[in-house]
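Assemble the complex: chain A is given as a structure, and chain B must be docked to it using the hints.
Just so you know, the sequences run in chain order A and B.
Following the numbering used here, the numbering of the first sequence begins with 1 at its first residue and continues without gaps.
Following the numbering used here, the numbering of the second sequence begins with 1 at its first residue and continues without gaps.
Think of the hints as simulated: they come from the structure by calculation, not from any bench.
Every value quoted in this text rests on a predicted model; they were computed, and no experiment measured them.
Treat the hints with care, since some could be wrong.
Claimed, not checked - To give an idea of the chain A side of the interface with chain B (calculated C-beta under 10 Å), a few residues:
id: 1; residue: 77
id: 2; residue: 103
id: 3; residue: 125
id: 4; residue: 457
For every residue, glycine included, the Cβ atom is placed at its ideal position computed from N, Cα and C.
Protein chains: 2
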Amino acid sequence: MSETKSKGKGLNRRELLGGTAKLVTLAGVAGASGAAGLAGGAFLQPSAGLAATPNKTHVAPGELDEYYVFFSSGQTGEVRVVGCPSMRELMRIPVFNRCSATGWGLTNESRKILTENMLPETKAFLQSRGGVWLNGDLHHPHISFTDGTYDGRYLFVNDKANTRVARIRLDVMKCDKVIELPNQNTVHGLRLQKYPRTGYVFCNGEFEVPVPNDGQILDEPEKYTAIFTAIDGDTMRIAWQVRVDGNLDNVDADYQGKYCFSTCYNSEKGMTLADMSSSEQDWIVIFNLKRIEEAVAKGDFEEINGVPVIDGRKGSPYTRYVPIPNSPHGINTAPDGIHVVVNGKLSPTVTVFDVRRLDDLFDDKIEPREIVVAEPELGLGPLHTAFDGRGNAYTTLFIDSQICKWSIEKAIRAFNGENVDPIIQKLDVHYQPGHNHTSMGQTKEADGRWLLSLNKFSKDRFLNVGPLKPENDQLIDISGDEMKIVHDGPSFAEPHDAIIVHRSKVNPVSIWDRNDPMWEDARRQAEADGVDLDWGADVIRDGNKVRVYMHSVAPTFSLDKFTVKQGDEVTIYVTNMDDVEDLTHGFTLVNYGIAMEVAPQATASVTFIADRPGVHWYYCQWFCHAMHMEMRGRMLVEPRSV
Amino acid sequence: MSETKSKGKGLNRRELLGGTAKLVTLAGVAGASGAAGLAGGAFLQPSAGLAATPNKTHVAPGELDEYYVFFSSGQTGEVRVVGCPSMRELMRIPVFNRCSATGWGLTNESRKILTENMLPETKAFLQSRGGVWLNGDLHHPHISFTDGTYDGRYLFVNDKANTRVARIRLDVMKCDKVIELPNQNTVHGLRLQKYPRTGYVFCNGEFEVPVPNDGQILDEPEKYTAIFTAIDGDTMRIAWQVRVDGNLDNVDADYQGKYCFSTCYNSEKGMTLADMSSSEQDWIVIFNLKRIEEAVAKGDFEEINGVPVIDGRKGSPYTRYVPIPNSPHGINTAPDGIHVVVNGKLSPTVTVFDVRRLDDLFDDKIEPREIVVAEPELGLGPLHTAFDGRGNAYTTLFIDSQICKWSIEKAIRAFNGENVDPIIQKLDVHYQPGHNHTSMGQTKEADGRWLLSLNKFSKDRFLNVGPLKPENDQLIDISGDEMKIVHDGPSFAEPHDAIIVHRSKVNPVSIWDRNDPMWEDARRQAEADGVDLDWGADVIRDGNKVRVYMHSVAPTFSLDKFTVKQGDEVTIYVTNMDDVEDLTHGFTLVNYGIAMEVAPQATASVTFIADRPGVHWYYCQWFCHAMHMEMRGRMLVEPRSV
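Chain A on its own, in the form it takes in the complex (with noise of 0.2 Å):
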């Protein structure tokens, strides 16, 4: 999986040209804090040069963009890639929500990945539900790294909804992993560990909650905690979990590999919106990795629900906590591996410390509010902040529906006592913006060349569509010294949160691999079965069990029809044996409830109860062939009287 190699399989147009669609090395991108520039990886560029050429707004029919945007997509529960600068939506990729097209939450590929690490109370809650989830809210998603820039291998995300993280595998971009966390209510900010590489998926538990949350302890705040929780990415378990005090709310990591640090909007414990907001002042919970691994290590903590819970309240000597006005909410580690900027919400400032000084911090050499080392006045709302790598940063101002570039060297220079503005720009956007985005602007390998303002509210920047409005993801050039807008994308229910990557870092393959794990369980009953799953054309009966095996090649089915008897429980195993890119074919039962999508050498299966007597037509929903329409069968379910 952490292999992305382009399968020699099936030679596309673009490649048979030659000439100006070649492989070309990617050079002159990397911003100048990139020391080392962008990893040697190779990508497909229409036009050789374009890299260097100043930013490019359009992207013509046929050419390729030069971005993708990994785009959260709120309380839609999946994820959006789209392409950057055309600002394209290129797939989407399902994992909190049920897919019609793709059949999400109904194959049973899909429904092990939903399940396999479910809490046993939460599969109990759902078994008269479904059986899994229907809804999510994917807040944040971010790709993997190793030495501090992306390595292309997983994008993880979080369902604030209904407490899990997962994982996607930018090989196929399919989701292979879903976990729920325990001990907690909602997941709210996720990022991962930069270096030496991801490793760990950092998550906030957002509300407090009793634990145990029975039911038992209501109305005594005291006896609410809220819990941050560190997944090991490569097995998708819970590496550990710390009891923190205050609500936590977005969360990031240094590039040392030493710490993260996470927001507290709530550190009055308050459980209304006027006790919330109540004080003047919040804080950052600041984690030590490497002491909390030793407390695991060693055995401090408390064992709950199977998870390792440490003590990370105040006072513990696994956590630090700093003081920052008010009520803070996004935070931003700079690609310089130094500055990590808090934005205030509540307070129009935001303030930047300075990680070399958290060794200090934690030996009590340092008071906490030490590692301050700038704390710029921006406008109100400040809530997140983005960078060029040059030394700029970009932060949205949500009230004053502005984004504010600033000089991070200027505002310490200011916080020092020199006369000096920090802000170079202010940069009206439409309208209230929340999250924002650089490209590269994550890593360590910033390029400075777009930003990306996710505001909340288009209002009246498109053509009317009711009540409900889109968002407005506005894409800003900052490749020159000013700011300039020169997109407007509307974005429905709601982008949330984005990274931009470049085309370089991520190379998926086209057709599946025969062997890939997705299918382990079909491949290992079809074995059972003696079937051939890659050709098969069989039906087993095993008791009141019937096991359907076909295999799609355009435009047939290996069986156009087959038999089952009212109240079967019934699996259908469909194998595309298409080596052809894109030749996606589908499995739809009519009037059955049941779709799903088989793409090039990939198997899916579903299984139900054929309660339901009479014929019911199969058919392929991903147009194939010129005599698609005419790809079909029949499924007979003889009624219990005959």
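Frame of chain A; chain B shown alone:
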């Protein structure tokens, strides 16, 4: 609902600007065929004169698109609203899918719509499956007509997967009716009565099935039948059905309100691919609306599952069967109101017939093939034809991966023996086009500006996103003499079909009317409970049923907590009392699988069993305010043991 008026509340920035952003009257857009011009609607236009200038392919930030495109999404099950020419997705309207963001399929309001016209047999089938379908295959979106052009009231769509038709209210861009069609298996082609108004929604039952389909009849093809259905679009009840010979595919209607016509690709009544394509000729079926209405009036039908089913098989007075080579697929009425193009699919020809000859055909004065006035050979795999209102037709050639532009008049002259080539231009598209569409081209007001080619494969046209690729919707400028591709648009599975509608035709509201029928049940229940639904902050216990009424005003819910007992049936009503454009709230109940959209001035509700004890936070998932993160409250579920 039929009055689509802008509400006076909440003037937006664009309306306040005046000057270039004023309401201007549309002029000079209608094509040659649209004698009346576009009906006098007024529309918002960012700079005067846009409509009169040549096609503009770039829509700058803040500018509005000139057209709405209503896209089907195929197996994704939703409707997509896209702006043209920018081709940005402006909104998704969930219809046959389960939507994580809006709660479509979960809220009481949506479940009522999804189930109220469900057949009892399907209700029983779904009882153990959550009560509603979670997938659909939405193929053909069409807007209601008055006098041959769009009237902006409704959009109608079909579900091939689970045999349904749905209606979307264009004032609020939400689905308000879904009906399941009895006696048939799948519904494929869907088009509307164009004159005097819609009126009828015509639906092809594609797959033949035994009637009744109870599993007693299996391998006796002669007992299978295909059904054509007309729905009354105002009541969303079935008006009548017609039993026909052969598998129906696509359908269209005339501009006179007298006839509609369906293609049949399987006149062989084959059950396998080989059988379905064995003959060189298939047919279209023409339906005589007046005769059918008379038959219904006089009782010449069989009532099956509560629906009058007329026998329209070969030889009946209600239909005519006209031979067409070979497995014809799309059927498209030209904006001249005279010519209809039938696309040959397995034949390289399209067949043009003249609707003025249909009276004589039904009066047996002419032979079926005498309605044909042209049959040009265009290329391989003709699937669908669009029109520019200047006498030209644009046919997709699936196998050739081309659009063929041709002259209807020249094709007729060639058919009459003149040595003239009707083909004007062939344009490569990328790759394998299915449906295509011209701006306003499915009305008498075809304006000849844009053509959209919905291509089934994108292969190498976009950054690689893994084995599943997007489709590719290409936008083509047809305003000049030559077709020019100006945009490649990736599209998630699968665009399938679309209409391009001038923005003057659609005029949604931005804020719900508090008297909207959508939440009639909530209104009635609140009244019975003595609760003010608008400003509710009440918990009503009624045995083990608990009704929780709350309203939202950013950033608070009117209840910051409420208590229920384990096992209670809880209904939560949320009313969004913010009266501000774009200020949508959400309601998500953590670890309960509950999330719903509540747009400005709307009420939404959900009912569930509170069988999971503990403290469960609910929060607003539509970013609404600087203090959005704090917009939350707690549901306390007391355990049974307390």
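Item to check | Structure-inconsistent hints, enumerated in ascending order | outcome: none
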